[in-house]
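Model the full structure from these sequences, guided by the hints.
Number of protein chains: 2
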Amino acid sequence: VTQHSAFAATPDPPYVAVIFTAEASDDDDGYAATLTSMRELAVRQPGFLGMESAGDRFEITVSYWRDESDARAWKTVAEHIAAQNLGRQRWYRDYRVRVCNVIRDYGAMQ
Amino acid sequence: VTQHSAFAATPDPPYVAVIFTAEASDDDDGYAATLTSMRELAVRQPGFLGMESAGDRFEITVSYWRDESDARAWKTVAEHIAAQNLGRQRWYRDYRVRVCNVIRDYGAMQ
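Protein chains in written order, with my numbering: chain A, 1 to 110; chain B, 1001 to 1110.
Calculated directly from the structure, the hints in this document are not laboratory data. Hints are not guaranteed to be accurate.
To be verified - Each computed SDA-like pair below joins lysine to any residue, with the alpha-carbon atoms no more than 25 Å apart:
| # | chain 1 | residue 1 | chain 2 | residue 2 |
| --- | --- | --- | --- | --- |
| 1 | B | Lys1075 | B | Ala1042 |
| 2 | A | Lys75 | B | Tyr1106 |
| 3 | A | Lys75 | B | Ala1008 |
| 4 | B | Lys1075 | B | Asp1029 |
| 5 | A | Lys75 | B | Asp1012 |
| 6 | B | Lys1075 | A | Asn101 |
| 7 | A | Lys75 | B | Gly1107 |
| 8 | A | Lys75 | B | Arg1104 |
| 9 | B | Lys1075 | A | Tyr106 |
| 10 | A | Lys75 | B | Pro1014 |
| 11 | A | Lys75 | A | Gln45 |
| 12 | B | Lys1075 | A | Asp12 |
| 13 | B | Lys1075 | A | Phe20 |
| 14 | A | Lys75 | B | Phe1007 |
| 15 | B | Lys1075 | A | Pro14 |
| 16 | B | Lys1075 | A | Asp105 |
| 17 | A | Lys75 | B | Pro1011 |
| 18 | B | Lys1075 | B | Leu1049 |
| 19 | A | Lys75 | B | Ala1009 |
| 20 | B | Lys1075 | B | Gly1030 |
| 21 | B | Lys1075 | B | Asp1094 |
| 22 | B | Lys1075 | A | Pro13 |
| 23 | A | Lys75 | B | Thr1010 |
| 24 | A | Lys75 | B | Asn1101 |
| 25 | A | Lys75 | B | Pro1013 |
| 26 | A | Lys75 | A | Arg96 |
| 27 | B | Lys1075 | A | Ala108 |
| 28 | B | Lys1075 | A | Ala8 |
| 29 | B | Lys1075 | B | Gly1047 |
| 30 | B | Lys1075 | B | Glu1023 |
| 31 | A | Lys75 | A | Pro14 |
| 32 | A | Lys75 | A | Pro46 |
What the hints assert, rightly or not - Some chain A residues well away from chain B (every beta-carbon gap over 10 Å; in silico):
| # | residue |
| --- | --- |
| 33 | Thr21 |
| 34 | Ala32 |
| 35 | Thr34 |
| 36 | Met38 |
| 37 | Glu59 |
| 38 | Trp74 |
| 39 | Val77 |
| 40 | His80 |
Yeah, the Cβ is synthetic: ideal placement off N, Cα and C, and Gly gets one too.
In structure tokens form, the structure reads like this:
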């Protein structure tokens, strides 16, 4: 599965981060296509600020949102609910989601 | 580089997450040994709750802490400062650090 290997260009805090950590199952049928669709859809959601993803069998994807209600709204988009259900039933052995308020950030160039 | 492919057994929120996102440089001399040392050292810090890591050339590592002062204290441990300096000078082309308050979490089994 091709991963997004790029930094998200987030604004100054505060903003919201949703940390999704997942262990893949042995069934990846349809996974890559759904992942691509979901990324294209997420980018168009209100308050979407960016996404960072790393790993393969063990994956961490962090999506960034303007506020908690924007993050929550994305969770309830119909196509995303369908993908979440497939993820639970098929693609992921286990996963965790952590919703966070980003309070401070810094980087190499700052 | 061997990654930690396991979920962190974090308690109920609130707690603190430090999201470290990094793009590797072409120089990985000494990186793996330092990473192992730093993980062993982090586990022994006050308030350390766990760590999750995924990826290789593009890496996301999330460390979890009881509170912000515990996370900040780890940043200032002498051996960790030396490793951070080597990371900036040698191993990472670029990186971001985001310090967050985890307000809500859920998983497949809940």
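Taken at face value, is the distance from the CA of glycine 1047 of chain B to the CA of lysine 1075 of chain B at most 25 Å? Holds - the C-alpha atoms of glycine 1047 of chain B and lysine 1075 of chain B are around 13 Å apart, at most 25 Å.
Run the distance test for lysine 75 of chain A versus proline 14 of chain A: straight-line Cα separation, threshold 25 Å. holds (20 Å)
Would the pair lysine 75 of chain A and glycine 1107 of chain B pass a check requiring their Cα atoms to be no farther apart than 25 Å? holds (14 Å)
For the pair we were handed, lysine 75 of chain A and asparagine 1101 of chain B, check the Cα-Cα distance against 25 Å. Given pair lysine 75 of chain A, asparagine 1101 of chain B holds - Cα atoms ~20 Å apart, limit 25 Å.
Tell me if the straight-line CA distance from lysine 1075 of chain B to tyrosine 106 of chain A falls inside 25 Å. Cα-Cα ~13 Å, so holds.
For the pair supplied as a hint, lysine 1075 of chain B and aspartate 1094 of chain B, confirm whether the alpha-carbon distance does not exceed 25 Å. With Cα atoms ~18 Å apart, lysine 1075 of chain B and aspartate 1094 of chain B stay inside 25 Å; holds.
Given the hinted pair lysine 1075 of chain B and aspartate 1029 of chain B, is their Cα-Cα distance within 25 Å? holds (22 Å)
For the pair supplied as a hint, lysine 1075 of chain B and glycine 1030 of chain B, is the alpha-carbon distance within the 25 Å limit? holds (20 Å)
Status of glutamate 59 of chain A, Cβ more than 10 Å from any chain B Cβ: violated (6 Å)
Would you check the hint for lysine 75 of chain A and glutamine 45 of chain A, treating anything up to 25 Å between C-alpha atoms as holding? holds (11 Å)
Verify the proposed pairing of lysine 1075 of chain B with aspartate 105 of chain A, using a straight-line Cα cut of 25 Å. It holds: about 13 Å lies between the C-alpha atoms, which stays within 25 Å.
Is the straight-line distance between the alpha-carbon of lysine 1075 of chain B and that of aspartate 12 of chain A 25 Å or less? Distance ~21 Å between lysine 1075 of chain B and aspartate 12 of chain A Cα, so the pair holds.
In summary, the structure is inconsistent with hints 33, 37 from the numbered list given earlier, while agreeing with the others.
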